[in-house]
Amino acid sequence: MRLAEAWRVASDALRANRMRSLLTMLGVIIGVASVVLLVAIGTGTKQKVEQQVEGLGSNLLLVVPGRLDVGAAPAVSPLTLQDVDAVGRVVGDPARVAVTVASGATVRAGTRQDFTTVQGVLETTPTVFARELARGRYLTRSDVDTGRRVAVLGDAVARALFPDRDAVGQQINVAGVRFRVIGVFVQLGQSLGVDRDDEVHIPVTAAQRLYGTQRVDAIAVKAPDRERIDELGARIVAELNGRHPGTEFSAVTQEQILGVLGDILGILTGVLAAIAGISLLVGGVGVSNIMLVSVRERTREIGLRKAVGARPRDIGVQFLLEAVLLTSVGGLTGMALGVGGALLVAAVSPIPAAVTWWSLALAFGVSAAVGIVFGVVPAQRAGRLDPVVALRAE
Amino acid sequence: MTAAIEAVEVSRTYQLDGVSVPALRGVSLTIAAGDYVALIGPSGSGKSTLMHLLGGLDRPTGGRLAIGGREVGALSAPELARLRNETIGFVFQAFHLLPRTSAVDNVALPLVYRGVGARQRRERAAAMLGRVGLGHRLGHRPNQLSGGEQQRVAIARALVTDPTVLLADEPTGNLDSATGAAVLELLERLNAESGVALVMVTHDAEVAVRARRRIAMRDGVVVSDSEAGS
Ligand SMILES: Nc1ncnc2c1ncn2[C@@H]1O[C@H](COP(=O)(O)OP(=O)(O)OP(=O)(O)O)[C@@H](O)[C@H]1O
Ligand SMILES: [Mg+2]
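Respectively, the protein sequence lines represent chains A and B. Residue 281 in full-length UniProt numbering sits at position 281 of the first sequence, with consecutive numbering throughout. Residue 219 in full-length UniProt numbering sits at position 219 of the second sequence, with consecutive numbering throughout.
Possibly wrong hints are sitting among the right ones.
To be verified - Partial selection, computed: residues in chain B whose CB lies under 10 Å from chain A: (1) L57; (2) L83; (3) F90; (4) L109; (5) G117; (6) A118; (7) G148; (8) R157.
What the hints assert, rightly or not - Derived Cβ-Cβ restraints for the label pairs, each shown as a range: (9) B/A94 x A/V377: 25 to 33 Å; (10) B/P78 x A/G340: 44 to 52 Å; (11) B/L16 x A/V377: 42 to 50 Å; (12) B/E206 x A/S11: 25 to 33 Å; (13) A/E394 x B/L16: 14 to 22 Å; (14) B/T61 x A/A336: 50 to 58 Å; (15) B/A182 x A/A4: 55 to 63 Å; (16) B/G62 x A/M19: 23 to 31 Å; (17) A/V377 x B/A118: 29 to 37 Å; (18) B/A94 x A/S11: 26 to 34 Å.
Derived by calculation from the structure, the hints in this document are not laboratory data. Beta carbons: idealized from backbone N, C-alpha and C, even for Gly.
Excised from the complex, chain B in its bound form (with noise of 0.2 Å):
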């Protein structure tokens, strides 16, 4: 299998006041394509850095990153962007939709700054709203939304560029536990069926053993990696 996103050593320190805050010390990992990934660890254990890094929506302070084969420390910030744009799909615990605006434009964003026409974009968002089952919610706003259903438009408007990899950093923290399991089908149903790799960063232990594969950090390095089963 390619690797949809391979780090070698990356590191990740902030600079807080002056003093240097290390989130990441050296993390090496290959997300394959098709993968399904559980991040998890304690809190501040840098899962959400690394997760931005694998994202390309932050860069590495040291070390070597590729996402979709491209070295990100020699992207410029729009040619980082488009990548973001193609091969990247985020889901956040907090949704973040855009407020006063209907499912299906929140679901066609990132074909804007990819260049689509306004109806096919339209046409697209409408199929994915469909496919994560909200074909008969296209009009209504965030604030018309449960929150299953708002991180439902968001998980479609993650998938409607059809990425390699969709992020979702504890896409059901923010949920029940009814709902939460229901968000967390919809995204393996989606990761089986479409191939796209789900690296998915999770508190919850019993979610974390479905998937095919665990890496554990503490303290801004990963301390397992295992396959399922083993």
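Chain A on its own, in the form it takes in the complex (with noise of 0.2 Å):
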């Protein structure tokens, strides 16, 4: 029998039997659309996450005490605004050296307040992490140098404190004290479920007051040229070591920022794909059981095939097919569903969601390959069957 005879054989009979090949495809169609989906998903948190660390600027090293390590305890800063000077002076330029002394405050401005991040920074911060603002002026020099009262509002406070005038001019209390808005930041929107938006930046100068600290949190350098970047990071690390004799430095770039973002959401994207992929398995093994039940209910069938001159390969090649066409037609369909699944989640809801190909190749050949593997043992038992016992089968 040709192949092309083979293959009418398999369609007609999936749809003699049409809503039992559909239920039997849907293990299938739903296990290809979730790998499709959930790759998608994570391949676009990931790329998402890749843009705004790299958004964050170009060439950036960020300073901070102990070890970088996933799941290392955060170590209390030992680093003055004296060390930032110090580290301006390594790299030749302080008006390439960013600071932060971060802390939860809540904000008040007339009945409203809304509990903030709030970032004591130098003027520096707009170039080293490539800031921009909406409406006002960042900080100056002087309001640093004098620790002047005044507040940048990222989007979302500024919303919150003020959703029905402009913030720049007006004036907000920050844990008690009072400082005048002289700028919002351009939104920037959701990342890893933080919302980048809400935050307060005043002059590091103010925040230490205002925190009763002479610390910085952490260092963030951009360093001049991309090819000298980690040298440069070894020598603001050998000169803070120098200051802090018994303390531990670290110097990290995007890249190795990247690489551990990216080792962490590829891990989650394969456990997905891998959850994913048991209710293909779960899908492959309906086929199997169904085209047992086909096998068993067509015995007749099979018995007469061969009393008029199939072969066993004939008959095997038939059932291996149906199963095959089963699991590809329910390959296709999940695939265009995990596809449409992913359009519509990257469009009505905040994930990200990038259809990759590969997923869809490896979600197409997997749902294929069920087909055969779940479907060789029905296919076999078939070409097996003796057709003198087969014609007499109930």
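Combine both chains into one complex, guided by the hints.
This is the structure we're talking about:
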């Protein structure tokens, strides 16, 4: 029997049992759709995080006390503004050095209030982190030097405190101290569930007075050139180690942060795909089961076909093609649903989703393979049936 | 005349839960081309078992069997399938038509396994249905046909490949007597017209006397083999 013929026979058989074929396919459809959708969400999240880390500005070095390891406890910082000046000298350009000393605080304006992160920073922050203002101006050198009580609001804070008027020029109250709003940031959006617009920037000197500390939490450096970024990091760490014997410091680049985040998100995507893969496997068992039922049900048909000249192989191929047809049609449907689902998720929710070709190829390949693997046993059983016994079957 | 099928001391023993059940115990016979044979005998005497062997649907456990001059014992499963396709036509008591499949496609089925193209298959199947008087029922499904019509479709299917032997196991057993008689007449006519050998199992003594040759079986052996009129 020619292959084209066998395809026709197989599709006729599936069409004859439309409802059952559909239900059998459902397992495969759900499996494939969830593989495609979950991988798309994993990939989309990874891409977005990468974009955001890159969006921090290029050639960024983050200097923190302690080791930057997943799961390492954050160390108490011994860094002060003198250290920041020293780092500026190592870099050769103080404008490339930013700091932060951050704390959660309640910010009030009239009857409205908002709990947010208040960051003490230098006037260099927009340069180092490539931040832009929507309105007003950012902090200046003299704001920082005099510890002036001025603030730049994140978009979310500005909306929360001043929903009906421009925040610039208004007074706010941070932990009991009055500040004047001088600028509002451009909206950034969400990242890994964190609202990046939920922050207030004030001069680091004002923040230290507010929190009663001399410390800064971390130093960020925008390296002048990419090639020597690791060397620069090493020199900064050496300088800080000299100033604070007994404390360890780390300088990490964006690539390293991206590497760690990429690994975590890669594992996450893999786990999601594996979970979805299990449902695909369950779908495959369903196919196998239905094929066995189908072989039993059509025993007399098999006997008759053999009586008129079908070889064992012809019968085997017929049933194998049925299984493969079931899973590949299911696979294609699942792919369509997965892609549609991913587009829908990306369109109506903040969860990013990016469909990748490899996940489509993998899902389809696996579903066709599932058809072969789980179709082989029923097909062999059908091919080996004794025609005399088969014709006698009820 | 050349022998279409030749059996020498053929036996067939079934194994049933470790017990040997001898269904055939040394049967020797020759079916000549164009022959018309009635196979009679009490229930359980081994008639169906013999028919399956003669048609290459089953293999003997002892003795020698040649179909169309080829030793069954020397053939692989695919070779035997091909031999069935080319030289044998089966007609069963229960018709065994494929459900949800039109008469013409049922008749064309053996040609599928011979590798005949779709258009030619339909042409030959339609012509064969015409010969059994069902030229106006090509598109009917089995459940849209009467019992007699279904058996005629099955006969057309058995003959579409132009076999040398037609093996019919109680072909009228599921039909009322008038319909059965018509089917019998059709079989006899085809035997006379096309020269296909007809071997037919029957319980009906009146039917048996119409055959050119009668083979009677009992307990797995042939007890008499007589030409008509003798
Ligand atoms: N698959 C089998 N396993 C065991 N014994 C079998 C099998 N098939 C047939 N037999 C036995 O072989 C013997 C012959 O059976 P067969 O079907 O050939 O009889 P038959 O002459 O066709 O009878 P009937 O007129 O009732 O159709 C019977 O005793 C039957 O029980
Ligand atoms: Mg019988």
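Task: Numbers of the earlier hints that this structure fails to satisfy, in rising order - done: 7, 11, 12, 15 and 16
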